[in-house]
Each structure stands twice: as structure tokens, then as C-alpha cells.
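*Asks:* Here the protein sequences come in this chain order: A and B. Numbering of the first sequence is given in our numbering, commencing with residue 10 and proceeding in unit increments. Numbering of the second sequence is given in our numbering, commencing with residue 10 and proceeding in unit increments.
The reader is advised that the hints may include incorrect statements.
Stated by the list, open to error - Here are some chain A residues pointing at chain B (derived, C-beta under 8 Å): (1) Ala148; (2) Val177; (3) Gln276; (4) Glu279; (5) Ser281; (6) Leu282; (7) Ala297; (8) Glu318; (9) Ser328; (10) Leu332.
Honestly, the hints are just simulated from the structure, not real lab data. Remember, predicted model here, so these are calculated numbers, not experimental data. By construction, the Cβ of each residue, glycine as well, lies at the ideal position given by its N, Cα and C atoms.
There are 2 protein chains.
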Amino acid sequence: MNKQIKIGIVGYGNLGRGVVSAIEQSSDMVVEGIFTRRAPESISVNNPNLKVWPISQAEAYKDEIDVMILCGGSATDLPEQGPQFAQMFNTVDSFDTHAKIPEYFDSVNKAAKDNGKTSIISVGWDPGLFSINRLMAEAILPVGETYTFWGDGVSQGHSDAIRRIEGVKGAVQYTVPIKEAVEKVRSGMNPELSTAEKHLRVCYVVTEEGYDQADIEKKIKTMPNYFADYETEVNFISEEELKEKHSALPHGGFVIRGGQSGDRNKQIIEFSLNLDSNPEFTSSVLVAYARAAYRLNQEGQAGAKSVFEVPPVYLSPKSAEELRKHLL
Amino acid sequence: MNKQIKIGIVGYGNLGRGVVSAIEQSSDMVVEGIFTRRAPESISVNNPNLKVWPISQAEAYKDEIDVMILCGGSATDLPEQGPQFAQMFNTVDSFDTHAKIPEYFDSVNKAAKDNGKTSIISVGWDPGLFSINRLMAEAILPVGETYTFWGDGVSQGHSDAIRRIEGVKGAVQYTVPIKEAVEKVRSGMNPELSTAEKHLRVCYVVTEEGYDQADIEKKIKTMPNYFADYETEVNFISEEELKEKHSALPHGGFVIRGGQSGDRNKQIIEFSLNLDSNPEFTSSVLVAYARAAYRLNQEGQAGAKSVFEVPPVYLSPKSAEELRKHLL
Numbered sequence: 010m011n012k013q014i015k016i017g018i019v020g021y022g023n024l025g026r027g028v029v030s031a032i033e034q035s036s037d038m039v040v041e042g043i044f045t046r047r048a049p050e051s052i053s054v055n056n057p058n059l060k061v062w063p064i065s066q067a068e069a070y071k072d073e074i075d076v077m078i079l080c081g082g083s084a085t086d087l088p089e090q091g092p093q094f095a096q097m098f099n100t101v102d103s104f105d106t107h108a109k110i111p112e113y114f115d116s117v118n119k120a121a122k123d124n125g126k127t128s129i130i131s132v133g134w135d136p137g138l139f140s141i142n143r144l145m146a147e148a149i150l151p152v153g154e155t156y157t158f159w160g161d162g163v164s165q166g167h168s169d170a171i172r173r174i175e176g177v178k179g180a181v182q183y184t185v186p187i188k189e190a191v192e193k194v195r196s197g198m199n200p201e202l203s204t205a206e207k208h209l210r211v212c213y214v215v216t217e218e219g220y221d222q223a224d225i226e227k228k229i230k231t232m233p234n235y236f237a238d239y240e241t242e243v244n245f246i247s248e249e250e251l252k253e254k255h256s257a258l259p260h261g262g263f264v265i266r267g268g269q270s271g272d273r274n275k276q277i278i279e280f281s282l283n284l285d286s287n288p289e290f291t292s293s294v295l296v297a298y299a300r301a302a303y304r305l306n307q308e309g310q311a312g313a314k315s316v317f318e319v320p321p322v323y324l325s326p327k328s329a330e331e332l333r334k335h336l337l
Numbered sequence: 010m011n012k013q014i015k016i017g018i019v020g021y022g023n024l025g026r027g028v029v030s031a032i033e034q035s036s037d038m039v040v041e042g043i044f045t046r047r048a049p050e051s052i053s054v055n056n057p058n059l060k061v062w063p064i065s066q067a068e069a070y071k072d073e074i075d076v077m078i079l080c081g082g083s084a085t086d087l088p089e090q091g092p093q094f095a096q097m098f099n100t101v102d103s104f105d106t107h108a109k110i111p112e113y114f115d116s117v118n119k120a121a122k123d124n125g126k127t128s129i130i131s132v133g134w135d136p137g138l139f140s141i142n143r144l145m146a147e148a149i150l151p152v153g154e155t156y157t158f159w160g161d162g163v164s165q166g167h168s169d170a171i172r173r174i175e176g177v178k179g180a181v182q183y184t185v186p187i188k189e190a191v192e193k194v195r196s197g198m199n200p201e202l203s204t205a206e207k208h209l210r211v212c213y214v215v216t217e218e219g220y221d222q223a224d225i226e227k228k229i230k231t232m233p234n235y236f237a238d239y240e241t242e243v244n245f246i247s248e249e250e251l252k253e254k255h256s257a258l259p260h261g262g263f264v265i266r267g268g269q270s271g272d273r274n275k276q277i278i279e280f281s282l283n284l285d286s287n288p289e290f291t292s293s294v295l296v297a298y299a300r301a302a303y304r305l306n307q308e309g310q311a312g313a314k315s316v317f318e319v320p321p322v323y324l325s326p327k328s329a330e331e332l333r334k335h336l337l
């Protein structure tokens with residue numbers, strides 16, 4: 010057996026915990042340690058053997074860690090950590106601020122290239138697996154339309170927006186693809202659909218005593234950007250019900266391309282995900298790409314990459330020969 | 010604009026015709042000519058500007074053709090043509106005799122490497138896109154099961170087997186995924202299913218006068234390997250109906266992985282195809298991978314590759330920057 014790939018984890022929230030679980034399923038990898046901005050002794054880890062170090066000491070582990078998985082957020086953590094860690098480590102991250110991807114890529118690319126490291130950015134399912142499917146479907150069927158639907162799944166941003174309304178004690182918002190829209194797309198009709206025509210917003214809300222629910226419902230449904238343009242359903246429930254039925258973080262969605270080949274033959278390509286745990290799945294994807302980052306670096310392919318530039322073979326612990334024999 | 014990639018086509022059956030159509034949708038490519046074993050003047054091409062040459066003259070076009078797409082069959086054509094053409098051209102083919110892939114890969118690899126050419130083998134949807142999805146889903150969710158379903162679609166081999174029965178004038182066999190099995194798999198139950206428990210065989214048969222249909226039905230249903238182990242439905246229809254309703258070559262199917270992450274969270278990945286024309290879709294995939302073969306060769310990556318070793322970015326006519334900006 011080859012040596013195990015030694016993984017470092019930066020940040021120990023939902024994503025970091027998911028990375029630990031995913032690596033437990035991967036015999037070719039091992040968690041070397043977790044780096045945190047919090048006091049290490051305050052972190053309760055899901056495995057007592059895990060070591061937790063202050064993030065400021067990361068540099069000391071430069072020669073011990075093969076790939077650092079960056080589990081911070083895209084708003085403030087990654088723009089700083091991405092290029093910083095790429096100077097010292099091979100890295101993988103889930104940067105998902107779409108508009109800033111080119112800029113982020115450039116800054117990570119420079120840091121990685123200058124230091125002979127390999128960094129794979131924007132890894133997960135969207136951006137990530139969905140992106141790969143959009144690219145491949147469009148390349149294979151150049152005449153056609155691609156549609157991305159998200160859900161059923163919890164949108165953290167929309168749930169937070171409801172919670173900011175006065176009188177709201179708790180709230181969870183599900184993004185739900187509209188069935189009729191999905192069916193039209195699957196049939197190859199290639200309809201014109203705005204994001205609002207593709208998705209429904211379903212809210213479960215707990216109110217404080219003494220507030221008017223009709224008033225809160227109106228405030229939700231008319232909230233600009235978040236709900237005003239969408240068909241929105243608001244359900245008021247008890248705090249117990251919210252905890253019991255809406256504490257999980259399911260998600261998923263589909264990428265569908267309706268294409269046409271030859272003499273008007275319809276060709277439909279669909280990729281879909283149905284996830285009990287959104288963060289754990291993202292972590293599973295990060296771990297597979299950490300394997301790829303390590304191997305690309307071993308081959309001398311330094312610099313930043315997106316999932317578009319990574320051959321599938323690098324994701325699997327199996328050899329190319331074995332894969333051709335059994336999975337091709 | 011970069012120069013157009015010049016494509017040669019070896020063999021002009023359903024697949025070759027589909028390649029011509031697919032290239033008409035791709036402005037970065039052009040068909041240089043078709044090579045055939047038949048008399049060139051006997052070939053009726055779907056575009057009067059297409060040139061048709063005898064296959065024996067292919068070598069003369071060594072320096073003019075960037076990629077040769079081999080559209081012959083896996084039984085006898087490709088085992089010979091694959092290594093032969095890989096000595097002179099970059100090639101792409103749809104070799105699909107599963108058990109012989111390692112041997113075929115080795116023979117093409119040697120020919121291509123010795124001559125600085127790049128050959129991508131076993132391209133299409135299965136083997137091909139389905140294989141990529143099997144690999145990636147397994148790498149991302151190592152704990153789980155992968156299922157491949159085929160259909161609804163015409164199986165040429167099974168249709169031929171029925172036609173060989175005495176008294177059968179015409180026949181088409183559809184492979185149909187069994188709904189209950191698909192639903193179980195989609196739900197993440199990960200049931201144990203044999204190929205026969207996953208697929209139904211639906212046959213449309215035209216008989217000659219004077220033959221007993223009950224007898225023919227029995228012969229079909231008890232035919233070893235092809236039907237005996239399957240639930241098989243036989244429908245006798247008229248010759249007109251067979252022509253009218255069963256002349257197309259639709260196909261499709263799904264690859265589903267039911268995985269588990271963290272503390273028993275179910276994670277389902279599905280890739281599916283719904284194709285009006287099986288050969289045209291395979292051709293569309295071949296053309297996208299021809300683009301990849303050309304680019305890999307430009308970068309000096311000689312030898313044989315499977316779809317596993319090709320980064321998605323090479324399939325698209327767009328640049329990596331453009332793709333990161335718009336599709337990631």
C-alpha cells in the first residue's frame with residue numbers, strides 16, 4: 010500500500026466535521042490535525058484522537074501535511090486563507106462567491122505557482138459537480154439549453170433573513186423546485202424560465218407571543234430580493250415542531266440539458282443529487298479532490314485548478330488500470 | 010479564432026453519419042473527409058460537400074487530419090483499426106467490448122506512444138459518461154452501492170436474436186428498467202438486484218403467415234442468455250405498425266449511487282440520459298472527445314487514454330477562463 014495522504018483541516022464547523030467523517034471512510038488518507046482560530050481546548054472533536062492546533066501554528070506543519078482542506082466561509086475566511094495557505098500547502102476549498110471566482114483563482118494561482126503547490130478551488134456540488142455537468146452537457150450537445158434547479162433544501166441565507174424580522178423566534182426556509190417547470194425541462198421543451206419560475210420558497214416560522222402572524226407573513230412575502238419575486242408559502246409552527254422536523258440540512262437539485270442532435274432528435278442529460286446532509290456531502294467531495302490535489306502535485310502540476318481541470322481518475326484511490334478494467 | 014480542427018471519419022454507418030451532424034453544430038471543427046471500405050461512389054452522404062475516400066488511402070492524409078474518429082464496430086473493426094490508425098493519427102473510438110478493454114487499451118497505447126499520437130478509447134455513454142459517473146460517485150461516497158439501469162431503449166443484439174427464430178419477419182426489443190427497482194434504488198435502500206431484477210424485456214414481433222404465435226412466444230421467452238432469465242413481454246403486431254412506431258433508436262438509462270456519510274445520512278447521486286437517438290448521442294460524445302484528443306496531443310500528452318484521464322475542460326471549445334467565469 011502507498012503511504013497515507015496526510016490531511017490538515019482549517020476550520021471546524023459543519024464542513025470540517027464532515028471532512029473528518031469522510032476521511033474515516035477513506036483508508037488511503039488520515040487526518041493529521043485541525044487548525045482553529047478558537048482556543049484549541051474549547052473544540053469538542055468527534056474523535057478523541059484528533060489533534061487541534063491554533064491556526065497561527067500551521068506553518069510549523071508545512072512538511073508534515075500533504076493537503077490542507079480549507080473549511081472556512083467564502084465571505085471573509087477564504088479570500089484571505091486561500092492565497093495564504095497556498096503558499097505553504099496543497100489546498101482544496103469550497104469558495105462559492107460566484108462573481109469573485111476569477112479574482113480568487115488568480116490570487117490562489119499566483120501563491121501556489123510561486124511555491125510549487127497545487128490548489129483546487131470552488132470544490133463541492135455547486136460550484137463543483139453541477140459545474141462539471143453543465144460544462145460536459147453543453148460541450149456534448151452544443152445546440153440546447155441548460156437548467157439548474159436547487160432543492161428540496163434548506164437555504165441558510167433565506168432562513169436568516171426571516172429570523173431578522175421582529176417577532177420571529179425561529180425559521181427555516183426550503184427552496185423547492187416547481188414540479189411543472191422540472192417536467193417541462195425534462196421533456197425537452199426548453200422553456201424560458203426565470204429563477205423565480207423554477208423555484209418555490211417554503212417557510213416554517215415560529216413567532217414570539219404578541220406578534221401578528223398575518224403581518225409577519227406579509228413582511229416575508231414582500232421582502233425584496235429574497236421573497237418578493239417568488240411564490241412563497243409561509244407556515245407557522247411551534248418551536249418543538251421546528252426543532253423536531255426542521256433541524257436537518259437536506260439539499261440537492263438537478264442540472265438538466267435539453268439538447269438536439271441530427272434531424273431534431275431530442276437528447277436529455279440530467280445530473281441530480283438528493284442529499285440528507287448538504288455539508289457532509291460537500292465535505293465528501295472536498296476529500297475526493299484533496300486526493301486529486303496531492304497526486305497532481307506529485308506530478309509537478311503546480312498552481313490553482315478548478316474542478317474543470319481535474320481528470321476523474323485522480324479522484325479515486327484505485328489505479329487507472331483497475332478503473333479501466335472494472336468501471337469503464 | 011483558432012484554426013478549425015480537421016476531422017476524418019472512418020466508417021459511414023449510423024455513427025459516422027451522427028459525427029457529421031454533430032460537427033455541423035461545432036464551429037471549431039470541420040470534416041475533412043470520410044474513409045470507407047466500400048466503393049466511395051456508392052456512399053450517399055448527407056452533405057454534398059463531403060469527400061469520400063477509400064480507407065486504403067488514409068495514410069496519404071496523415072498531415073492533413075488532426076483527429077480520426079473511428080466509427081466501426083467493436084467486434085471486428087476496432088481491434089484492427091484502433092492500433093493501426095493510432096500509428097498515424099490522433100484517434101477517438103467507441104470500443105465497448107467490456108472484457109477486452111485492458112487488452113485493447115494496451116495495443117492502442119503502444120501504437121500511439123511510439124508515434125507521438127493521442128488516442129481516447131471507449132468513448133460514448135456506456136462505456137463513457139456512465140463510467141465517469143460510476144467512478145466519481147464511488148470516489149465521493151466510498152460507502153454505498155452503484156446501480157446502472159439501461160433503457161427505455163432498443164437493444165440491437167436482442168432484436169437480432171428474435172429475428173433469427175424461424176417464422177419471425179421482423180422484431181424490435183426494448184430494454185425497460187423496472188420501475189419498482191428504480192424507486193428502491195433512488196430511495197437509498199441499496200437493495201440487492203441482479204440484472205434481471207432491474208430490467209424488463211419488451212418485444213414487438215411480426216410473424217410470417219402460417220406460424221404459431223404461441224410457439225414463437227415460447228421460443229423467445231425461453232431463449233437462454235437473452236430472455237430466459239428475464240421478465241419478457243411479447244407483443245405481436247403488423248409489419249406496418251413495426252415500421253411506423255418502432256423504427257427509431259431511442260435509448261438511455263441511469264447510474265445511481267446510494268451512499269452514506271457521517272452518521273447514517275443518505276446521499277444519492279444520479280446521472281441519467283433520455284435519448285431519442287442512441288447513435289447520434291454517441292456521435293456527439295465522440296466529437297467532444299475528438300476536441301480533447303487534439304488538445305491533449307498539442308500539449309504533448311501522447312498515448313492511449315480513457316475518458317477517466319481526460320479533464321472536462323478539454324471537451325469544451327471555450328477557454329478555461331471563460332468556463333470558470335460562466336459555468337463554475
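*Asks:* Give a verdict on every hint.
*Replies:* Checked hints:
| no. | hint | verdict |
| --- | --- | --- |
| 1 | Ala148 | 4 Å, holds |
| 2 | Val177 | 28 Å, violated |
| 3 | Gln276 | 5 Å, holds |
| 4 | Glu279 | 5 Å, holds |
| 5 | Ser281 | 5 Å, holds |
| 6 | Leu282 | 6 Å, holds |
| 7 | Ala297 | 5 Å, holds |
| 8 | Glu318 | 5 Å, holds |
| 9 | Ser328 | 11 Å, violated |
| 10 | Leu332 | 6 Å, holds |
Of the numbered hints given earlier, the model fails hints 2 and 9; all others are met.
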